[in-house]
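Let chain G serve as the given structure and place chain A on it in line with the hints.
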Amino acid sequence: MAPEPMLELRDVGVRYGPVSVVRRLSLEVAKGEIVGLIGPNGAGKSTTLHAIMGLVPPHEGDIRLGGRSMRGASPENVARAGIALVPEGRRIFSQLTVEENLRLGLAGRRDRAGSEEAVESVAELFPVVREFRRRPAGALSGGQQQQLAIARALVAGPDVLLLDEPSLGLAPRMVDVVFEVLGEIRRRGISVLLVEQRAQRTVAFADRTYLMANGEQRLTLTPADASDTERMVAAYLS
Amino acid sequence: MSGAATDVVAALDAQTIVDAVGLGSVYALMAVGIGLVFGVLRLINFAYGQVVMAGAYTLAFTSQADWPTWLGVATCFGVTVALSLLLERLVFRPLRTATPVVMLVTTFAVAFLLQNVALLVDVNDDTIGEPAASVASLNQAVTVWGVDVRKVTIVAVVAAAALLAALALLLTRTRIGLQMRAAATDFRTARLLGVRANTVIGFAVLLSGVIAGVVAVILTVQIPLVQPSFALNETIVVLVGVVVGGIDRLWTATLGGFAIGFATGVINGALPTDKTVFLPSAVFTLVILVLLLRPAGLFAPRGATSVERV
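Which chain is which? The protein sequence lines are G and A, in order. Sequential numbering of the first sequence, starting at 225, is according to the numbering used here. Sequential numbering of the second sequence, starting at 2, is according to the numbering used here.
Note that these hints are calculated values from the structure, not bench results. None of these values were measured; they are calculated from a predicted model. Every residue gets a Cβ at the ideal spot worked out from N, C-alpha and C, and that includes glycine. Certain hints may be false.
Quick partial rundown of chain G residues pointing at chain A, CB under 10 Å, derived from the structure [what the hints assert, rightly or not]:
| hint | residue |
| --- | --- |
| 1 | ASN301 |
| 2 | ARG304 |
| 3 | PHE317 |
| 4 | GLU324 |
| 5 | LEU330 |
| 6 | ALA331 |
| 7 | GLY332 |
| 8 | ARG333 |
| 9 | ASN438 |
Here are a few chain A residues that sit away from chain G, every Cβ distance over 12 Å (derived from the structure) [said to hold, decoys possible]:
| hint | residue |
| --- | --- |
| 10 | ASP20 |
| 11 | ALA112 |
| 12 | ALA137 |
| 13 | GLN141 |
| 14 | LYS152 |
| 15 | ILE155 |
| 16 | ALA169 |
| 17 | THR190 |
| 18 | LEU193 |
| 19 | ALA271 |
| 20 | PHE285 |
| 21 | ILE289 |
| 22 | PRO296 |
In isolation and in its complexed conformation, chain G is listed as follows (with noise of 0.2 Å):
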C-alpha cells in the first residue's frame, strides 16, 4: 500500500460569494515532495494557499495533514498541526526586530522543546538572520525579507511548508537564493507546495506541478515536461 500522503486535497471546492474560485481540486504532496502549482492570475493558486490555512472555508471536499482532516480548523490550529505558510508579499512586521520575526515562528511549534535550537539551525541556513538580527525587519532588502519569511515559517518546525510566489517582485539573483534555499528544505525532508508565475523553473525544480487555470486543475507536469513549452502556453491560454 502506497504510503499516506503528509498533504491532500480531495475535490475541493472554495466561493467567495456566488462565484466559484476553485473548482473540485485535488493533489497530494508525499513527505520530503516539492510540488507546484502554476497557473495565469486568478488561477485560484493562492485561494487552494488560503483553504488549506482555513483562511476561506471550502465549501466542499476535504484538506487533510497526514490523513487528518484540517477542514474547519482555525489558521491558528492549522499552523499548529504543523502547516507553515509564506504568505504572498512576504507580510514580516516591519517595525519588530529580524529576530523578533523570527521568534513569532516559534508560535506555531507544537512543542515548544527545542524552539532555541530552531532558531539557530534556521539562522545558519540564512546568513541574513543572524547578521541583522537586532534590525528592524522594515530595514532589510525584498531578498533579505523573503529570507526571513521562509526563515520564520521554519522556525516552527512543520511537516508541510506552503509559498506563495516567493520570487514575487525579486531581482534574479535573489530568486536564485530563493530555489537554493528550496533545495535545501527538501534535503530537510520537508514537504513544500509552491505556488509560483515562473512556470518553468518551477516545472523544472518541483518534483511535480499541478497547472491550474480558470479554479481547475489541468495538466500535471514533471520536470521532464519543463521544455515543452507549447504544452504549457496552450494550458495558460485554454
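Chain A in isolation, oriented as in the chain G frame:
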C-alpha cells in the same frame, strides 16, 4: 499676552502642576486600558468606564460591610477583571468579525446596560449613591517641598509609572507581549504563524481589567460617593484624549490620555472658581484646535505610513 493666556501661565504654580500630573496619570492609565483592547480587537470600548464603576461599587459595598481595606481592594480587582473577561466572552467575541461601527454601538449598549444594573442595585436602600469610606484616608495631604500633595496623587503617579514600565517590559521581553504587538499590527498574519487569537485578546482584556481596578481605587478616593454615572465623564474625556494623541499606537494613545488630563488640570487651576463651569468648553476647544492642526494625532510620528498599535 492675552488675558486668558496670562491667567494660564499665572496658574502654573507647583500645586496646580502636581494636581494636573495626578489627573493626567489616571487618564493615562484609562487610555492604556482602552488602547490595549483597541490594539487587538479594533474595538473602542465605551463600556470601560462601567467596568471601573463596578470596581468602585465593590469598594463601596465591601467598605460598608466592614471588610478589611486590602480585601475590598482585592475584591475590586477581582470584579473588574472578571467583568472584563465576561464581556469579552459574551459580547466582544461573537462580534469579532463585525464592523467597527457595530462593535462601538454594542459597547454603548453594554455601558447603558451596566449603568442600569448599577441603578437597580443602588436604589435598594432608596438612595442613589453608595459611600466608599475604606480608601478615603488616601485623600489626606502630605507636604512635599512646601506643596500640599494628596496621597492619592502620589499613588496615581507611582501606579501609572510602575504599570506603564511593567507593561513596556511585558510587551518587549515576553512571548505573549511579542505576540500582542504582532497581533496589533497584522492579526491575520499573526494567526497564520500560530498565534492564538483567543489567548492574545483574552490577555489584553485581562490587563485592561487590572488597570480598571487601579483606576477604580484612585477615582473612588477622589469621588467617594459612588453612583451609576461613576467614571462615565472620565471615559468620554479619555476617549477624546486617546483620539487626540493617536489611537493607532498604544504609546500615543497613552500620551493623549495624559495630555488631556494634564490640560484639564491646568485649565481648571487657571479658571476662577465661579467660572469652572466653562472647563469642558475650554478643554474641547483645545481638542478641536489640535485635531484641526494634527488630524492623525498630536503625538503620531510625522509622515508615518505603517502603524504599530501596541
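Cross-check of the supplied hints:
| no. | hint | in the structure |
| --- | --- | --- |
| 1 | ASN301 | holds, 8 Å |
| 2 | ARG304 | holds, 5 Å |
| 3 | PHE317 | holds, 5 Å |
| 4 | GLU324 | holds, 6 Å |
| 5 | LEU330 | holds, 8 Å |
| 6 | ALA331 | holds, 4 Å |
| 7 | GLY332 | holds, 3 Å |
| 8 | ARG333 | holds, 7 Å |
| 9 | ASN438 | violated, 27 Å |
| 10 | ASP20 | holds, 36 Å |
| 11 | ALA112 | holds, 30 Å |
| 12 | ALA137 | holds, 45 Å |
| 13 | GLN141 | holds, 45 Å |
| 14 | LYS152 | holds, 40 Å |
| 15 | ILE155 | holds, 35 Å |
| 16 | ALA169 | holds, 15 Å |
| 17 | THR190 | violated, 4 Å |
| 18 | LEU193 | violated, 5 Å |
| 19 | ALA271 | holds, 39 Å |
| 20 | PHE285 | holds, 33 Å |
| 21 | ILE289 | holds, 31 Å |
| 22 | PRO296 | holds, 22 Å |
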